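Residues per chain, in single letters:
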Amino acid sequence: MNLHPDRCFSPEPARRGVARTLYAAVKDLPLVCPHGHVDPALFSNPDYRFGSPAELLLIPDHYVFRMLYSQGISLEAQGVPRRDGGPTESDHRKIWQVFCEHFYLFAGTPSGQWLTQELVEVFGLTEKPSPTNAQRLYDSIAARLETPEFRPRALFEQFKIEVLCTTDAASDPLTHHQAIRSSGWSGKILPTFRPDAVVNLDALGWRESITALEQASGVSVTTYAAFLEALRNRRAFFKSLGATATDHAAVTADTTPLSDSEASTLFDRALAGRSEPGDAARFTAHMLYTLAGMSADDGLTMQLHVGSHRNHNKTVFERFGADKGADIPVAGEFTRNLLPLLNAFGTDPRLSLILFTLDETLYSRELAPLAGHYPVLRLGPPWWFFDSRLGMRRFLEGVVETAGVWNLAGFNDDTRAFCSIPARHDVWRRVVADWLAGLVVEHVIDEADAAAMATALCYDLAKTAYRL
Amino acid sequence: MNLHPDRCFSPEPARRGVARTLYAAVKDLPLVCPHGHVDPALFSNPDYRFGSPAELLLIPDHYVFRMLYSQGISLEAQGVPRRDGGPTESDHRKIWQVFCEHFYLFAGTPSGQWLTQELVEVFGLTEKPSPTNAQRLYDSIAARLETPEFRPRALFEQFKIEVLCTTDAASDPLTHHQAIRSSGWSGKILPTFRPDAVVNLDALGWRESITALEQASGVSVTTYAAFLEALRNRRAFFKSLGATATDHAAVTADTTPLSDSEASTLFDRALAGRSEPGDAARFTAHMLYTLAGMSADDGLTMQLHVGSHRNHNKTVFERFGADKGADIPVAGEFTRNLLPLLNAFGTDPRLSLILFTLDETLYSRELAPLAGHYPVLRLGPPWWFFDSRLGMRRFLEGVVETAGVWNLAGFNDDTRAFCSIPARHDVWRRVVADWLAGLVVEHVIDEADAAAMATALCYDLAKTAYRL
Amino acid sequence: MNLHPDRCFSPEPARRGVARTLYAAVKDLPLVCPHGHVDPALFSNPDYRFGSPAELLLIPDHYVFRMLYSQGISLEAQGVPRRDGGPTESDHRKIWQVFCEHFYLFAGTPSGQWLTQELVEVFGLTEKPSPTNAQRLYDSIAARLETPEFRPRALFEQFKIEVLCTTDAASDPLTHHQAIRSSGWSGKILPTFRPDAVVNLDALGWRESITALEQASGVSVTTYAAFLEALRNRRAFFKSLGATATDHAAVTADTTPLSDSEASTLFDRALAGRSEPGDAARFTAHMLYTLAGMSADDGLTMQLHVGSHRNHNKTVFERFGADKGADIPVAGEFTRNLLPLLNAFGTDPRLSLILFTLDETLYSRELAPLAGHYPVLRLGPPWWFFDSRLGMRRFLEGVVETAGVWNLAGFNDDTRAFCSIPARHDVWRRVVADWLAGLVVEHVIDEADAAAMATALCYDLAKTAYRL
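The listed protein sequences correspond, in order, to chains A, B and C.
Heads up: the first sequence begins at 1 in the UniProt record's numbering, then just goes up one per residue.
Heads up: the second sequence begins at 1 in the UniProt record's numbering, then just goes up one per residue.
Heads up: the third sequence begins at 1 in the UniProt record's numbering, then just goes up one per residue.
Among these hints, one or two may not hold up.
Identical chains share a label here; the pair holds if one copy fits it or two copies do between them.
[As the list claims (entries may be wrong)] Within a straight-line C-alpha distance of at most 30 Å, the following computed DSBU-like cross-link-like pairs (lysine-lysine) qualify: (1) K128 / K324; (2) K324 / K314; (3) K463 / K128; (4) K188 / K160; (5) K128 / K27.
Hints were generated in silico from the structure; no laboratory data involved.
All figures in this text were calculated on a predicted structure; none of them were measured in a lab.
Modelling step: build the complete structure from the supplied sequences, incorporating the hints.
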């Protein structure tokens, strides 16, 4: 198991040659990580230790246990904790063994690519996981995790991360972010304001989230107006700790605003526990519109992640909770859905709005034409299932001809798996270099164009789109 | 007209080299044919003779006459029989002549590839069909068809078919399958249970199909409960003759169940000839759910073919009937439609459910994420229009990164054109070899991975998914 | 900035070699331009002069100013005229300077390719536009525009245009076309009948357009029957001046007919200024059906351009009007929508119907299956955003396997930018040559097939589909 220096490059010698040159110029650029789900607790305690190899690499990674689950290995056997605290496999060596026995399932998948690169580059392994070497690999990783080089702060520096943005609930006190700031450590870890838990009226525990918002903001959220005040209050707090962006998830991109009185009615009904069918969807649409206005006001870049049908497998959701590999995309629509928002804020120079989709048909049909027109729009990189070698190529193929490169938002790794960050950025940088090399050898652009586009895609655009 | 040994392989030498190696290891594997429409009558009579070259290769092949029809050649002129028995071209040499005059239309199409390979490998021809050589080719083929080597059983053995599954109506007495069994011939021809004609309340001749079901099952189908009993009875009969699978076609993948009393109401209305608008669609959805339960009970692998708008051209349907090249795909949806079925049976270890689509946008957006999670799901190969060199590439590109290879169901030829079977499998094996070679030369997988994936895709997965 | 002779060709030597051969055979074929938006006034006056470089190349080109607008450069600053006549930049050197400063935005876009080829081949420039050379380039172009070689008629001949079809309102008196005819000049400039302004009841200025139709036709359009009569009258007039085609734009492909009395009701309501919601959409659907019937009667090829949400940016529309780079595609559907039209006229040998889409998912799912069956259908080339190197490849990849090549309508440039015509056809011819070369080196077709297919795609099919 070695990492070939030309991986992800076309084997065609002319293209590969240009790809190598382009990649060489971007491979060591600092990593800009404007969107992701790494736990800030990793960095607030200088002595934070990752747990066992299974705790670090398997148990929390829904990309991994999803694949074994699809082949009949239960989540219990993979050590995924149950909501009711019921028994699951607690022998991490066994969990690791099962993973290694099924490592072949990841051949050709991005998880396979990331895990391989992580094992080789971060943990110095050279053997492909297999039933026979599983325990030996476990020992090797466990030994490394004991060393000071494997404290998160040390890895952060080794990975050359310039900035890492986390994703945090509206009511989050940002204790870890504050601790990191006051610790004097130079690592830049910034919060991102994600108010989904209070914006989505049908979110599990919405009422509790509102209470938490009240406590965090000091605003008594008894009316819709107070709700908006509390949100503004928290946005300001996030900004004070360095946040430059917000993030919003929705099933559709609907941004139809309501009148204040309609919005109040829906919000009051929710407070009273008497929401009606459709209330949540209408309120979310209204809030996306309203939050765009807030972003225009306070300058926080707005991210919109659209199109995941969450918790598709009811049994898994009931037993294990959310984010367990059972979120499935649905078809999307932006042209009509974004019309209200864009007609209100689409040319506002204060706003930066970054769009993400799980429906690849939107790349060329809707997203690139929209981004190639509206000044506020930037297109986020291929998301989730499409954060992959082929997904990236389809993205570049689908959007660049219409939107150009400068209407994109570069890359983000969107991961909670901290140790996979370098591998994820590396795939992007390689695919970008190879794709641009394809344009060069077909004489569509020259090498100077390609070099500028590569740097933009691998570094500059993420910083400008997120105002970092 | 020769068959280049490197056809369907990338011309890039490194990739081509790996493709050759991978292909060499799979090209002679036995053919597993778990889904198709070959007439079992071909095999029950050891002396069965194909008719004229036109009868064998043109008149029954809607892929072929469709293309000539699109260029203004009437179906009558191509000898397609009319429902009313009215006159159509009966001179098979004329029909063959017209085909050869238009053979250029198939350049770049899968039909062109299959026909070419069939003519070369099965019939030993070397000339591309043309207006001038048409009659000579006709003579050559006709002469071959006279020889004992061209009896279906002989070809079956020559083609190295390990197992061939037919598709049979729920009421089919399976006389040919029984005759094959009792003949002592070693060829494995298995039936597949396809109850569409009785499940789809609006199917042409539904009432007659119910009567046939009654006769076959010995159950008087006067109630919904009796209908289910008759289906179970027939499933058991099919199993007794070796069936391992069922097949179901639907316009949408809706699987919303009804209560027993609702289902009864709809069924009773249909029996009384008083179906209301929407009844058929709701009943089909309910039955897909119900049939999944039956499959969990009896272990018959369930196939679901979704998304064809049948008999689009009313004139053609009225004059010539179904399956005349006028079935046109419509957009599909699986994420929400399969929710009821998957929440009931998605993790049932007894069930194997294979999905087919005519909407390629579903590959990466819905099918691969679903198959990469639910244990019961396997993805069928690219279907119908997409059973082609480029269709296969788009399929592999769209699904493997998210679902991996082991959540697929390998290949099936889905054809009624018996002599095209080797050519169809060969295209798949070549495209798979070339596609995996692409992963190898981009250093995403190694050659050992690729070899295992190739064997899985070309042989193993079809057997396991269909429990053969 | 040089134009590499192998641009748009694969760098793989075998494929590139075949592509060169195929391209060499089609590159100098005359240009057939059956659909576009060039102003016929360019040719009615033999001494017509293009204005400044900005007037010729930037101000009227929504592909260009759209991209700068998306990066925050206002349309005013780019000299786009306001509807209210308010101030916009009038210094064309300044507009040109801003364009050159942002030329890098077009790297990898078709506009970038066209502009580059135009600047090199038409204007003899060798430097890539940049902030420092902007004024020098302006001078060069301006000087050329003064010479007799840059009169439109001279360029028409230099470009080797065999026929150029314009697009003209139903009420257009076709004065320029008449003047061209009577001038004795040999250039073939034909009108195309586009009645959208009177067919779409909700079109801006519909009532005025009806009045114009009355004046042009001499028919008093006080009833629906008179409306049809006026349309027939104008179609005959267009035919008398050489028109061979009509063109129709619609948001959807719905072709559901109304009864005469329903159609009358809707039309009367519109005349009375009392249209109800949905009237316009229903009437458009009905008229597409009706216009197909007229095309069957008079033999004018019918073009259908479906799927653009026009004037998405309300502010831009109100200030600058239509066609300002703010038209965004929406998802489409043909299978069900075209059913009424195709069941009435789908096999009528008098009709030729050419379909265009902005939803690429329809290529393989609906358009190719439909065109591979119905004799009247031909598929137009990739439209608008997809008239690009990669868009063309996706089109060929999506349609040829199912529809073959002879169910396509070749290429059209669809442009109002006269000087970009050779560059646009050249991209098509190169992409076609390279794509067919891919089939040759994968041994799917032979070189003779490929040569015939290339000539068909680059010349013949446009003539036959448009009956030119």
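Against the structure, the hints come out as follows:
1. K128 / K324: Answer is within: at 26 Å inside a copy they meet the 30 Å cutoff, but 52 Å across does not.
2. K324 / K314: Result: close within a single copy only, 11 Å intra versus 42 Å inter.
3. K463 / K128: between (36 Å within a copy, 28 Å between copies)
4. K188 / K160: within (11 Å within a copy, 62 Å between copies)
5. K128 / K27: Classified as both: same-chain Cα gap 25 Å, cross-chain 28 Å, threshold 30 Å.
The structure is consistent with each of the numbered hints, conforming to all of them.
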